[in-house]
Amino acid sequence: MYNKRFIIPGLVIFVLFVTFPLWFNAFSTASPVPKPELPPGGEKECVAPASEMRDRHMVLLNEWRDGVLRDGERDVITVGGKQYRKGLQMACMQCHTSKEKFCDTCHDYTSVNPFCWDCHLTPEEAALKKETH
Amino acid sequence: MKYAFSFLAVIALILIAWLGSQIPGMPYLFGIALPYLAMMIFLGGFVYRVVQWGKSPVPFSIQTTCGQGKSLDFIKHDRLEAPDTTAEVVARMFLEIVTFRSLFRNTKSELHDGPKITYESSKWLWLFAIIFHYSFLMVVIRHMRLFLDPAPFWIAWLEFGDGLFQVGAPTWYMTDIGLLAGCVLLFSRRLITRHVRFISLVNDYFPLVLIFAIAATGILMRYFLRTEIDIVNIKQLAVGLVTFSPVIGTEIGAIFYIHLFLVCVLLAYFPFSKLMHFAGVFMSPTRNMKNNTRAARHMNPWNPKIIPHSYGGYEDEFREFMVESGIPVEKELPPKKDEEKDEE
Chain X
10 MYNKRFIIPG LVIFVLFVTF PLWFNAFSTA SPVPKPELPP GGEKECVAPA
60 SEMRDRHMVL LNEWRDGVLR DGERDVITVG GKQYRKGLQM ACMQCHTSKE
110 KFCDTCHDYT SVNPFCWDCH LTPEEAALKK ETH
Chain H
18 MKYAFSFLAV IALILIAWLG SQIPGMPYLF GIALPYLAMM IFLGGFVYRV
68 VQWGKSPVPF SIQTTCGQGK SLDFIKHDRL EAPDTTAEVV ARMFLEIVTF
118 RSLFRNTKSE LHDGPKITYE SSKWLWLFAI IFHYSFLMVV IRHMRLFLDP
168 APFWIAWLEF GDGLFQVGAP TWYMTDIGLL AGCVLLFSRR LITRHVRFIS
218 LVNDYFPLVL IFAIAATGIL MRYFLRTEID IVNIKQLAVG LVTFSPVIGT
268 EIGAIFYIHL FLVCVLLAYF PFSKLMHFAG VFMSPTRNMK NNTRAARHMN
318 PWNPKIIPHS YGGYEDEFRE FMVESGIPVE KELPPKKDEE KDEE
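Here the protein sequences line up with chains X and H, keeping their order.
Residues in the first sequence are numbered from 10 upward in steps of one, following the working numbering.
Residues in the second sequence are numbered from 18 upward in steps of one, following the working numbering.
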């Protein structure tokens, strides 16, 4: 083989790059499989079945946002006899009270960074604000 | 016909994965066995091809130059186009690999009235290639969020930049569109430009259709066919694959297996196809050699070893026979005393 001193290091770098996930995971501590906290209040019903929420909650939230902010569709959602106003803080976070224990578990695991919290406050932050005012 | 065949082949692959993954137990084949097999073929084949190339001698110094080579001091040397030192070669290679400099000179000749022929650089190929390759690179890096546990922070940065326009939910990525558009543009270039169409083969069309199908299934899975696409489940499988402990939790939608199967086919096909230009761009002697043929002698590695043989040495070897047959010699035979004695 000619030019061994270039080709062999090149191949080694290539193989290391391709197998990077193997080395990365071997030297890092595996995070536990996420277990989002069920509503502490014990609510059993959501606006849609759990499987559908798991697959499409981001689509639903986006539709709600567009509806409320752009078209003024502030409908009231009735879940199991209880009424909620359309919105992340007003509906979802009423039952799923903790962002850290619910939203973040899966989002952190899969590196999903939704921009909900650019504007919204987590329940804890909202409580803090109320205290200061 | 050639492009129709590529479409048929990809459709057949999609059907295999779609129907196959519905059979109980088969998700283990499509989700675990085939990815491992494809990865082994990819790595093994890739290294094999590069080693085979490394074994091929380069008989001549065959750089392609398109500028003034190093000459007398008052002649301006074009350092990038006719590199003379290793540093200049590295600079040239770097720009070639990162910015596809050679495609920038994709010359197009046109015949005008006169008749007059003109040559101009057609930048379309360069533009399409840049869109396609960088989108593909970004897509591959972004996928690492599913393989690395915990996902490193820089992946979040890349995702943020890629989804900067914050369109829809989940956010649309620019590179998703770029990859699809790149495939379509490169494919239509092959169809529309007549002389490129003439030389295009199935193995030119097939990878484009395959990569288009991979991007399309990925986009469908992320934005449209989300049923049974639980990202946590998929990440568990992906991390399991790279830690050699794969598990398939609950059921995953067929679109995932179609996407994964097409990627496996691409990986397995890679080392035996034109896609090896990934390694080839580094190993092309027309780019990675120095243009210094006047300063340094390039030895052909397959030349036989010939030991220098001067005329003096030649005469020393054959003097007796030369004298015998009357050929003039520069140095006469030494007088032989014992011969004279015998005659007496």
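Misleading hints may appear alongside valid ones.
What the hints assert, rightly or not - Cβ pair distances, simulated, as ranges:
(1) H:209 x X:18: 57 to 65 Å
(2) H:177 x X:84: 26 to 34 Å
(3) X:88 x H:40: 36 to 44 Å
(4) X:26 x H:266: 38 to 46 Å
It should be emphasised that the hints constitute simulated quantities derived from the structure, not laboratory data.
Yeah, the Cβ is synthetic: ideal placement off N, Cα and C, and Gly gets one too.
**Prompt:** Is the gap between the beta carbons of residue 209 (chain H) and residue 18 (chain X) within 57 to 65 Å?
**Reply:** Violated - the Cβ-Cβ distance for residue 209 (chain H) and residue 18 (chain X), about 42 Å, lies outside 57 to 65 Å.
**Outcome of range test on Cβ distance (residue 88 (chain X), residue 40 (chain H); 36 to 44 Å)** = holds (39 Å)
**Request:** Check the following: the C-beta atoms of residue 26 (chain X) and residue 266 (chain H) are separated by a distance inside 38 to 46 Å.
**Result:** Once the Cβ atoms are compared, 29 Å apart, the range 38 to 46 Å for residue 266 (chain H) and residue 26 (chain X) is violated.
**Message:** Looking only at beta-carbon atoms, does the pair residue 177 (chain H), residue 84 (chain X) fall within the given range of 26 to 34 Å?
**Reply:** Distance hint for residue 177 (chain H), residue 84 (chain X) holds at roughly 32 Å.
In terms of the numbered hints stated before, the structure departs from hints 1, 4, listed from lowest to highest.
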